[in-house]
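*Asks:* Could you fit the two chains together into a complex? Lean on the hints.
Line by line, the protein sequences are chains S and A.
First residue of the first sequence: 17, per my numbering; consecutive thereafter.
First residue of the second sequence: -6, per my numbering; consecutive thereafter.
Please note that the accuracy of each hint is not assured.
To be verified - In silico EDC-like pairs for lysine to aspartate or glutamate, Cα to Cα no more than 20 Å straight-line:
1. A/K48 with S/D108
2. A/K(-4) with A/E23
3. A/K46 with A/D19
4. A/K50 with A/E15
5. S/K73 with A/E94
6. A/K(-4) with S/E57
7. A/K50 with S/D108
8. A/K64 with A/E94
9. A/K50 with A/D19
10. A/K50 with A/E62
11. A/K64 with A/D44
12. A/K63 with A/E15
Stated by the list, open to error - Label pairs and their in silico Cβ distance ranges:
13. S/T39 with A/S75: 16 to 24 Å
14. S/E57 with A/K64: 19 to 27 Å
15. S/R122 with A/P99: 15 to 23 Å
16. S/N19 with A/S73: 20 to 28 Å
17. S/F61 with A/R102: 35 to 43 Å
18. S/D68 with A/R2: 22 to 30 Å
19. S/E93 with A/S75: 22 to 30 Å
20. S/D68 with A/I53: 31 to 39 Å
21. S/H54 with A/T8: 40 to 48 Å
22. S/V66 with A/T8: 12 to 20 Å
23. S/E57 with A/E15: 16 to 24 Å
24. S/T39 with A/V5: 32 to 40 Å
25. S/S83 with A/L106: 44 to 52 Å
Derived by calculation from the structure, the hints in this document are not laboratory data.
Keep in mind the model is a prediction, meaning the values are calculated, not measured.
All C-beta atoms, glycine included, are put in the ideal place defined by N, C-alpha and C.
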Amino acid sequence: GQNIDQPTEMTATEGAIVQINCTYQTSGFNGLFWYQQHAGEAPTFLSYNVLDGLEEKGRFSSFLSRSKGYSYLLLKELQMKDSASYLCAVRDQTGANNLFFGTGTRLTVIP
Amino acid sequence: DVKVTQSSRYLVKRTGEKVFLECVQDMDHENMFWYRQDPGLGLRLIYFSYDVKMKEKGDIPEGYSVSREKKERFSLILESASTNQTSMYLCASSRLSGRNEQFFGPGTRLTVL
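Chain A on its own, in the form it takes in the complex (with noise of 0.2 Å):
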């Protein structure tokens, strides 16, 4: 049964602190994604990565880095978090080629006071 997990389901942390998601995924895909998930505005990509060490930015980058220094793992670093990144964030990966659907983790529901 393929697996993307993530590390935290809920997570709470303070204006100014440094935040770390992690993801994990099982299925050897090339592609993982991150999105963030807001009421009224879908899924949106903030970062995403076709290899190790690569990564690139999607349509919401600012505040957020990551990492990639394993094929099966992605990390979302955000530098010193805001109460407007206060959010849903979900992992996803996926194939390189073919239909590539994107398989994702179960999400972790951060909370910025």
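Looking at chain S on its own, in the form it has when it is part of the complex (with noise of 0.2 Å):
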């Protein structure tokens, strides 16, 4: 099976950088991927890492540790518009490389 785990909640600056982590055990590893939720919206795509190490773009970086079972989300220079839920998904091979999610983060962005 797999278990996913991030915390539910968190509270940062605006301007701020903020690191929401994800640690997962899955038997097929085939990938993982972040997804930004505004309340009442889709989620939306914004990393995927597949091999160790970090992925840029723009102000969010995502890191990964096969090895660990561990992934974070960096957000750095925080906007108000930052504050929404972050999903880390897992795809899982043995699971017909579904998707495998988080109950996720909610990040709130305070003045």
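*Replies:* Okay, structure coming up:
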């Protein structure tokens, strides 16, 4: 089976940096995705990691360590519009390559 | 601009009614998915499809069925709605290979009274 764990809520200040962690256990790891979901809206794709290391995309970066079953999403220069839920999802090739989602981390950015 | 659309944003039905939720994608994606999203439980996969007329059960298929008669359209059917099916329903699509990230529709908030 799959087990994905991420913090339920986080709060950070505008302009700061925040790191959202995700740990996972899966039998057939085949990639990790981060999605952003604003309240009442659809999740939107942020990043994808399949090899160890850091992937940077503007203010957002995502890191993966397959040996530790660990990923994090790093958000720099936080803006108020970054207040949203951030979903960690693991693709499992033993599960027909489908995605298995964590429960999400609700980030609140305060002035 | 890629797009996944769902037939309704909000829907209110009564217990025992048959409910159809429609999803259409314009990206020529092979894969389509139906999830439900509940507080504290995250997204859970109900059914998915890799091709026309093909369907596979996800993690929570009980009480649901699906139909995929055309590549772009994937329907979720609640044969006899129950109050525990009150939820946000999200449709998604993706390519069959490569990074194949999923693109989500706006969701349907279904309330069963």
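*Asks:* Each hint should be assessed against the structure and marked as holding or not.
*Replies:* Status of the hints after comparison with the structure:
1. A/K48 with S/D108: holds (18 Å)
2. A/K(-4) with A/E23: Judged against 20 Å, a Cα distance of about 14 Å means the pair holds.
3. A/K46 with A/D19: holds (18 Å)
4. A/K50 with A/E15: The hint holds at about 18 Å.
5. S/K73 with A/E94: holds (16 Å)
6. A/K(-4) with S/E57: Holds, because 14 Å separates the two Cα atoms, which is no more than 20 Å.
7. A/K50 with S/D108: holds (16 Å)
8. A/K64 with A/E94: Answer holds: A/K64 to A/E94 is near 18 Å, not above 20 Å.
9. A/K50 with A/D19: Since the Cα atoms of A/K50 and A/D19 sit roughly 24 Å apart, the hinted pair is violated (cutoff 20 Å).
10. A/K50 with A/E62: holds (17 Å)
11. A/K64 with A/D44: With a Cα-Cα distance of about 7 Å, the restraint between A/K64 and A/D44 holds, given a limit of 20 Å.
12. A/K63 with A/E15: holds (12 Å)
13. S/T39 with A/S75: 16 to 24 Å: violated (34 Å)
14. S/E57 with A/K64: 19 to 27 Å: Taking Cβ atoms as reference, S/E57 and A/K64 lie about 26 Å apart, which means the hint holds.
15. S/R122 with A/P99: 15 to 23 Å: holds (19 Å)
16. S/N19 with A/S73: 20 to 28 Å: Since S/N19 and A/S73 have Cβ atoms about 33 Å apart, the given range 20 to 28 Å is violated.
17. S/F61 with A/R102: 35 to 43 Å: violated (22 Å)
18. S/D68 with A/R2: 22 to 30 Å: Violated - the Cβ-Cβ distance for S/D68 and A/R2, about 40 Å, lies outside 22 to 30 Å.
19. S/E93 with A/S75: 22 to 30 Å: violated (46 Å)
20. S/D68 with A/I53: 31 to 39 Å: For S/D68 and A/I53 the Cβ distance comes to about 33 Å; the hint holds.
21. S/H54 with A/T8: 40 to 48 Å: Violated, at about 31 Å.
22. S/V66 with A/T8: 12 to 20 Å: violated (44 Å)
23. S/E57 with A/E15: 16 to 24 Å: holds (19 Å)
24. S/T39 with A/V5: 32 to 40 Å: For A/V5 against S/T39, whose Cβ atoms are near 39 Å apart, the range 32 to 40 Å holds.
25. S/S83 with A/L106: 44 to 52 Å: holds (50 Å)
Taken one by one, the earlier hints fail for this structure at numbers 9, 13, 16, 17, 18, 19, 21 and 22, listed in ascending order.
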